[in-house]
Amino acid sequence: MADQDKEMTDDYVWLQESEGIGMEERDKVTIIVHSGDLDKIYSALIIANGALAMGMEASLFFTFWGLLRLKKGGLEKGPLSKMNMLGLGRWMVLRRMKAAKVASLEKLLADFKDLDGKIIACEMTMEVMGIRKEDLRADLIDEYGAVGTYVQEARGSAINLFI
Amino acid sequence: MADQDKEMTDDYVWLQESEGIGMEERDKVTIIVHSGDLDKIYSALIIANGALAMGMEASLFFTFWGLLRLKKGGLEKGPLSKMNMLGLGRWMVLRRMKAAKVASLEKLLADFKDLDGKIIACEMTMEVMGIRKEDLRADLIDEYGAVGTYVQEARGSAINLFI
Amino acid sequence: MADQDKEMTDDYVWLQESEGIGMEERDKVTIIVHSGDLDKIYSALIIANGALAMGMEASLFFTFWGLLRLKKGGLEKGPLSKMNMLGLGRWMVLRRMKAAKVASLEKLLADFKDLDGKIIACEMTMEVMGIRKEDLRADLIDEYGAVGTYVQEARGSAINLFI
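Protein chains in written order, with our numbering: chain A, 1 to 163; chain B, 164 to 326; chain C, 327 to 489.
Keep in mind the hints are simulated off the structure, nothing from the lab.
Backbone N, C-alpha and C fix where the C-beta goes; we use that ideal spot for every residue, glycine too.
Worth double-checking, as some hints may not be accurate.
[Stated by the list, open to error] Restraint ranges, calculated between C-beta atoms of paired labels, are given here:
(1) A/Ala99 x C/Pro405: 31 to 39 Å
(2) C/Glu460 x B/Ala262: 18 to 26 Å
(3) A/Ala138 x B/Asp302: 49 to 57 Å
(4) A/Ala103 x B/Arg295: 21 to 29 Å
Start from the sequences, fold in the hints, and give me the full structure.
What follows is the structure, encoded as structure tokens:
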């Protein structure tokens, strides 16, 4: 019986380990930031920071118009996805955000890095849009990658979003 | 042998249970409704209702422009994401939807609630846009929440979308 | 001990198999292509082809404005999601893509099919927009389906995106 118990225990441990790995692997948020709209950058950072605060990992893959937000001085320059619809200007929304004590994009991004969030810049976008590394805020960027990097992050993530 | 069988059975049951819990936990659709465009609200509700009809759970987290659609009288007031492109007006699309026997947004939303779909309203958006609870259709809303509520729903979902 | 080993082995095999099935089932990318914007079609195809090249499965569900891109002669006719913002015209972006040696949409789509990617056309969109089968590039389409088809693909996918 002792031997059998041991095997049972080993089996259980093996299961726990394999499950544990699986769980951990999937306990990540990966977001493609394709849009450069301010309201969508807000959503991406708020979700990512929320997940990080809850003990998950988070990766943001900046591509197309999203990558423009990582250019030096580019973070708060984006448009709103529905600027005219609400009759609110960009300035007005940023002001209301402040009044509602929502952190600025700069603060959200700083928090994201402090919480060990990972930022990947899309190399193809850099080539297509003629963006050089020195145009980007290199201190924020953990990796310059292509689609393979993205798929690798995403296939093991519990939450995948395209924003 | 009898004892061993019993242990094997317990092991099996334990596995089934742990798998069962895992499966059930993940058999959910969670959608962030960030856009207020009519065609995107359609997509969100059609997907959610399809999933509910197939025995899955569904949660819709209304935020930013999406939340405007839950204001009293706001559901069908949204624009189309590509209004000018097709040369079709909002009215035309709604009319074609009707001709093609696609349910109205109101009907889809009523079905969603009948099938036990869950609606979460984003508190931060309410603050930023100055929307009070009495401005919203409270009968539709199951919960007022923040990013933590969303991440909790999403990390256990098989399908996560940002619309 | 021999019998017990055998049972242990069976148990292990059973686990491997059940895990294997689960893994395989989830090792798929399913993307709803709702947008007809060229830059978003690019993103969808690049992600899908990357996943296919890494041994995953990929399904694209074309709906609303996305389905217009599958009309005969419609693939490169779409607008850009932020045409005016960058001051770049559609033609300019396509030209830069070429200069950066990014494959054309036609090439990406051909690769997608060669790699056994699956394309589903949304029947509801066809009805609403008055698109007939003969208007579409039938050689590309594997299936005409509704929301049930989509949910079935998506619930077993590791990566689900709405583009």
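Comparing the hints with the structure gives:
no.: 1; hint: A/Ala99 x C/Pro405: 31 to 39 Å; verdict: holds, 35 Å
no.: 2; hint: C/Glu460 x B/Ala262: 18 to 26 Å; verdict: holds, 20 Å
no.: 3; hint: A/Ala138 x B/Asp302: 49 to 57 Å; verdict: holds, 51 Å
no.: 4; hint: A/Ala103 x B/Arg295: 21 to 29 Å; verdict: holds, 23 Å
The structure fails none of the hints (numbered hints given earlier).
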